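Novice: The primary structure of each chain is shown beneath.
Number of protein chains: 2
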Amino acid sequence: MSTNKPRIIILGAGYAGMMTSKRLTQQFAPEEAEIVLVNKHNYHYQTTWLHEVAAGTIDVNRSRIMIKDVVDTNRVTLIQDTVVNINKEEKTVELMNDQLSYDYLVVALGFEKATFGIPGMDKHAFSIQSVDSSRLIRDHIEYNFAKYKNMDNPSEDLLTIVVGGAGFTGTEFVGELAERIPVLCKKYDIPRNKVKIIDVEAMPNVLPGFDEELADYAQRSLTARGITFKLNTMIKEVKEDRVIVGEEEEEIPAGTIVWTGGVQANHIVGKSGFELTKGKVNVDPTLRAPGHEDVFILGDCAWVMNKDTGKPYPPTAQIAIQEADTCAHNLRVSIFGGTLEEFDFDDKGQVASLGGSDAMGRVFDGRKLYGMQAKVMKHVVDDRYLYLLGGPKLVLKKGKFRPF
Amino acid sequence: MSTNKPRIIILGAGYAGMMTSKRLTQQFAPEEAEIVLVNKHNYHYQTTWLHEVAAGTIDVNRSRIMIKDVVDTNRVTLIQDTVVNINKEEKTVELMNDQLSYDYLVVALGFEKATFGIPGMDKHAFSIQSVDSSRLIRDHIEYNFAKYKNMDNPSEDLLTIVVGGAGFTGTEFVGELAERIPVLCKKYDIPRNKVKIIDVEAMPNVLPGFDEELADYAQRSLTARGITFKLNTMIKEVKEDRVIVGEEEEEIPAGTIVWTGGVQANHIVGKSGFELTKGKVNVDPTLRAPGHEDVFILGDCAWVMNKDTGKPYPPTAQIAIQEADTCAHNLRVSIFGGTLEEFDFDDKGQVASLGGSDAMGRVFDGRKLYGMQAKVMKHVVDDRYLYLLGGPKLVLKKGKFRPF
Numbered sequence: 001m002s003t004n005k006p007r008i009i010i011l012g013a014g015y016a017g018m019m020t021s022k023r024l025t026q027q028f029a030p031e032e033a034e035i036v037l038v039n040k041h042n043y044h045y046q047t048t049w050l051h052e053v054a055a056g057t058i059d060v061n062r063s064r065i066m067i068k069d070v071v072d073t074n075r076v077t078l079i080q081d082t083v084v085n086i087n088k089e090e091k092t093v094e095l096m097n098d099q100l101s102y103d104y105l106v107v108a109l110g111f112e113k114a115t116f117g118i119p120g121m122d123k124h125a126f127s128i129q130s131v132d133s134s135r136l137i138r139d140h141i142e143y144n145f146a147k148y149k150n151m152d153n154p155s156e157d158l159l160t161i162v163v164g165g166a167g168f169t170g171t172e173f174v175g176e177l178a179e180r181i182p183v184l185c186k187k188y189d190i191p192r193n194k195v196k197i198i199d200v201e202a203m204p205n206v207l208p209g210f211d212e213e214l215a216d217y218a219q220r221s222l223t224a225r226g227i228t229f230k231l232n233t234m235i236k237e238v239k240e241d242r243v244i245v246g247e248e249e250e251e252i253p254a255g256t257i258v259w260t261g262g263v264q265a266n267h268i269v270g271k272s273g274f275e276l277t278k279g280k281v282n283v284d285p286t287l288r289a290p291g292h293e294d295v296f297i298l299g300d301c302a303w304v305m306n307k308d309t310g311k312p313y314p315p316t317a318q319i320a321i322q323e324a325d326t327c328a329h330n331l332r333v334s335i336f337g338g339t340l341e342e343f344d345f346d347d348k349g350q351v352a353s354l355g356g357s358d359a360m361g362r363v364f365d366g367r368k369l370y371g372m373q374a375k376v377m378k379h380v381v382d383d384r385y386l387y388l389l390g391g392p393k394l395v396l397k398k399g400k401f402r403p404f
Numbered sequence: 001m002s003t004n005k006p007r008i009i010i011l012g013a014g015y016a017g018m019m020t021s022k023r024l025t026q027q028f029a030p031e032e033a034e035i036v037l038v039n040k041h042n043y044h045y046q047t048t049w050l051h052e053v054a055a056g057t058i059d060v061n062r063s064r065i066m067i068k069d070v071v072d073t074n075r076v077t078l079i080q081d082t083v084v085n086i087n088k089e090e091k092t093v094e095l096m097n098d099q100l101s102y103d104y105l106v107v108a109l110g111f112e113k114a115t116f117g118i119p120g121m122d123k124h125a126f127s128i129q130s131v132d133s134s135r136l137i138r139d140h141i142e143y144n145f146a147k148y149k150n151m152d153n154p155s156e157d158l159l160t161i162v163v164g165g166a167g168f169t170g171t172e173f174v175g176e177l178a179e180r181i182p183v184l185c186k187k188y189d190i191p192r193n194k195v196k197i198i199d200v201e202a203m204p205n206v207l208p209g210f211d212e213e214l215a216d217y218a219q220r221s222l223t224a225r226g227i228t229f230k231l232n233t234m235i236k237e238v239k240e241d242r243v244i245v246g247e248e249e250e251e252i253p254a255g256t257i258v259w260t261g262g263v264q265a266n267h268i269v270g271k272s273g274f275e276l277t278k279g280k281v282n283v284d285p286t287l288r289a290p291g292h293e294d295v296f297i298l299g300d301c302a303w304v305m306n307k308d309t310g311k312p313y314p315p316t317a318q319i320a321i322q323e324a325d326t327c328a329h330n331l332r333v334s335i336f337g338g339t340l341e342e343f344d345f346d347d348k349g350q351v352a353s354l355g356g357s358d359a360m361g362r363v364f365d366g367r368k369l370y371g372m373q374a375k376v377m378k379h380v381v382d383d384r385y386l387y388l389l390g391g392p393k394l395v396l397k398k399g400k401f402r403p404f
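So the protein lines, in turn, are chains A and B. So that you can map any letter, position 277 of the first sequence is 277 in full-length UniProt numbering, and since no number is skipped, the others follow by simple counting. So that you can map any letter, position 59 of the second sequence is 59 in full-length UniProt numbering, and since no number is skipped, the others follow by simple counting.
If you're looking for bench data, these hints aren't it; they were derived computationally from the structure. Treat the hints loosely; a few may be bogus.
Heads up, the list lumps identical chains together, so a pair's fine if it works in one copy or across two of them.
Listed next, the in silico DSS-like pairs over lysine-lysine satisfying Cα-Cα at most 30 Å (straight line) [said to hold, decoys possible]:
hint, residue 1, residue 2
1, Lys149, Lys68
2, Lys40, Lys187
3, Lys113, Lys186
4, Lys186, Lys400
5, Lys393, Lys230
6, Lys271, Lys91
7, Lys393, Lys186
8, Lys187, Lys149
9, Lys239, Lys348
All figures in this text were calculated on a predicted structure; none of them were measured in a lab.
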């Protein structure tokens, strides 16, 4: 260590990592701790907006924020590098180009696609998982439209988009496609009825875990705008140009296949020897890795138990952001003493966008919102995070809803 | 025939076909002739702007004009269909969905890629030949950039663009790429030096046929902006991901391969039994097909001899437009008598765009222009055609240079 201050390293600049960086600068005076943030890119991105990048309804740059624009670089050392391994015993992090030692570590490396061993899914399906992977989906769809228009006897299958999973991301993504495809059809002179959007979900309803009334609303709204749902249907296999689904092994030819059906912790977490349960680490109520009082695991790398239900909280941006508060507090306590805080989720509700001006959701008081009212609330939710992160200036620059 | 007026059918709504339609409505009163324009699309496009569509420097819609917006549909019957065959003896044209008989025919079906039997060129190289094929190039390049960014160990070869031919189209295209690639690099976070643009030309200099001083200027300007020229170099073979060039059979791996090295008449012309010389029909000085007094062949389907040099004129939009005047006059003479006019090219000079604000060329009085001055002239030339076609309104709507 270069100083005698305790060094806290945060791995990953997603929702959890960014908010933890910010909270740590508030919890600690400059002389009390050294704070290091390691990230693959020099930007943070809004994971919850990536389905819009993938559909092409927002520009890539709307979804990302330069880290140095919102993190106080006088207080936080930024290192742009890729994590290769965490050595818990030596308390070091191996990066592609460097090695760092830590006193405390915050693992917030985000999620990866979990394909549950479905043959071909890893190879042939796209994933809405980073700025780069989402932009690739957008460009792939447009490229197929361009190819279709330039072929002598094109197959309409090239225009078909199959989405695996009708959870939050899958549903929001097809909602954006419902808006985007008519625009692309116009741009490429392709009749709208030639483009099929099919969402395949193993559960009997869309948005499993959501209130049934809201999920029904979503399904009806999306069906009315041309999305076909195949519910109660498992994907058996994915090939380069088709998906095989259901017990009858129906083949659905498709030009674009996107998997939104499952996520797991960044593979670095398992590789570094943290025990995984269903792909993530079951952290203790103070958000520390079991057996490692110096390692906090946040966001999509962790399962945090909901004591009331006995089940883990579903992973959302809202939870990741709130975890940062608990983590920062507990880091201060770990270093300077006091009482560790247990994570307590303050559920502010959840709103899903359905594309265009439609949305639906539930707000903190349990009220259900539909349509434009829900859409406005969605924008408020999106902007609240930007406000927490970068104040009114960031809302003005990157916000969805510009109240100023 | 549905009327007893002579029916003139124009095949193709490119520069020659559009201007012929317009000139015929001026040459003939409504009761004197029936005018039919057959085209594959409901739009006309600026072939000379397609290299910009292919590079992505202008939007597709800037390059096209709805035919009905500029052709008087009270006078000209528009048929959107694809020509399958011309039966010269029966005086009929077979379309995909119809058959038409004519008294006089104007063949202005444009060009196709001529690959001179280079193995793999037809299959693996793109061509700047229509709105659809040009847009596909743009989308292909962007898709490669997106793929590169989303790969674990991407090869920089994916970013390499090889252009075959440094004639007018090839040179103008690499000029647009010189402008476009830095923008794409910024958009996709790719360092500019990872992208190679290589233009392979069999002749010892770029722009063969152009004034040497001007061609040198173009080569220097483009080289300075990152284009690599391989002159005196034949393309031997094209594979999916590489081009094999020169006597040493050097392999150039590339993600995008575009052929601009040769064009020939639309294949319908040869298929219908017109005799081809180097891929086109040698028309007589009145622009009629040899042996067929009722068939005029214009634009890129024809070679028109320059009596002064004994060589055919190089095919340009300017020539196509002027041919329409001669063709319309000679159609009137054919029907009502008089003296057939021989085509006489009024050379107004030629300006090549080199991308961005650079250009070079020669104007009608032989003066050479460079840089911004040439660029302005290029816009004037582009807009002059729009003016001829659709008057000031069209210049205002689609023009490059808006003098109003």
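Novice: Which numbered hints does this structure break?
Specialist: 5 and 9
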